[in-house]
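Participant: Take the sequence shown: its letters are residues 1316 to 1575, numbered as in the numbering used here.
There may be inaccurate statements among the hints.
Here are the simulated DSS-like cross-link-like pairs (lysine-lysine), alpha carbons at most 25 Å apart as the crow flies [to be verified]:
| no. | residue 1 | residue 2 |
| --- | --- | --- |
| 1 | Lys-1447 | Lys-1527 |
| 2 | Lys-1430 | Lys-1415 |
| 3 | Lys-1359 | Lys-1527 |
| 4 | Lys-1440 | Lys-1404 |
| 5 | Lys-1449 | Lys-1359 |
| 6 | Lys-1440 | Lys-1359 |
| 7 | Lys-1393 | Lys-1445 |
| 8 | Lys-1574 | Lys-1519 |
| 9 | Lys-1389 | Lys-1440 |
| 10 | Lys-1361 | Lys-1445 |
| 11 | Lys-1348 | Lys-1549 |
| 12 | Lys-1534 | Lys-1333 |
| 13 | Lys-1549 | Lys-1527 |
| 14 | Lys-1447 | Lys-1574 |
| 15 | Lys-1389 | Lys-1549 |
| 16 | Lys-1574 | Lys-1527 |
| 17 | Lys-1389 | Lys-1361 |
| 18 | Lys-1359 | Lys-1389 |
Keep in mind that the hints were calculated from the coordinates and are not lab data.
Computed from a prediction, not measured in an experiment: that's the story for all the values here.
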Amino acid sequence: MVFEIIEEVSVLMNGFQKESKIRFNIDFSLYNKTDDERIYIINKEKINTLPIQENVFLQLIEELENLNYPIKIKTDYKGHFLEIEDHEKWLMEWNVKADKLIENFHSFDKAKEVKDYYYELIKDKDNFTKNKFKEPYWNLFFFNPPIDNVNLPDIGTVLNWNIRAIGVIPCVGRTTILNPGARDIIISFDSYQRVSHNIIDLLKPKISKEIKWDEQTVKLHTESHFDNVEKKMKKRSAYFQFFIKEEIKYTESVAIVMKN
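Kindly produce the complete structure, drawing on both the sequences and the hints.
Facilitator: This is the structure:
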């Protein structure tokens, strides 16, 4: 299965606006199958990135991240993520490829230092997995929330959403089927809540204006389109909004579409 991913971010802060758009393909290939589990190999093919990195440090980081693929993962039979498979073997192979890569950055005297720093971030399997789920498409791709039981209104689902340079915001929301009975069903998840205290503590020193922090909100809406006959995902999308009135406007959208 091949999916096209489009990630867009718009940030307005202190009067300056920055936008970015990334498109790439993900090849999701079945490697092994048992009654209870599936093992997949994920490959990533970058289509284009705007803006193009001109900073050598950022360019090297991007190239090191590209070496993350292929990745072997394990899910249960329903598609819920379980773990990254063969992490030690993957890490050794990554290290060899990274050593060859930094040879191309011979004019950058800190290339090996950057590579060694990145290695520290990925050498622990749990930390590597946690950081992968900070990436928007990973976070959304493996998000399979249970449908809310109308008789249990206090139960909600949490989707952690990461904002770079700010941190993770746990988004608590409700899950519903928009068109029950259809062949292509749409499962919607909606979260609307106040900004969490850890984010407020981080932002307060950076904003000089008087802000009514208890009125600042976060919104997240996701939709998952499934073929209910073939039991497979066709597309999935998310739209995230984070506003601090007149100071910060952060929006992020992710689209995952299965290609024919």
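Participant: Each hint should be assessed against the structure and marked as holding or not.
Facilitator: Verification of the hints:
no., hint, verdict
1, Lys-1447 / Lys-1527, "34 Å, violated"
2, Lys-1430 / Lys-1415, "11 Å, holds"
3, Lys-1359 / Lys-1527, "43 Å, violated"
4, Lys-1440 / Lys-1404, "11 Å, holds"
5, Lys-1449 / Lys-1359, "17 Å, holds"
6, Lys-1440 / Lys-1359, "20 Å, holds"
7, Lys-1393 / Lys-1445, "21 Å, holds"
8, Lys-1574 / Lys-1519, "44 Å, violated"
9, Lys-1389 / Lys-1440, "13 Å, holds"
10, Lys-1361 / Lys-1445, "22 Å, holds"
11, Lys-1348 / Lys-1549, "21 Å, holds"
12, Lys-1534 / Lys-1333, "20 Å, holds"
13, Lys-1549 / Lys-1527, "41 Å, violated"
14, Lys-1447 / Lys-1574, "23 Å, holds"
15, Lys-1389 / Lys-1549, "21 Å, holds"
16, Lys-1574 / Lys-1527, "45 Å, violated"
17, Lys-1389 / Lys-1361, "23 Å, holds"
18, Lys-1359 / Lys-1389, "17 Å, holds"
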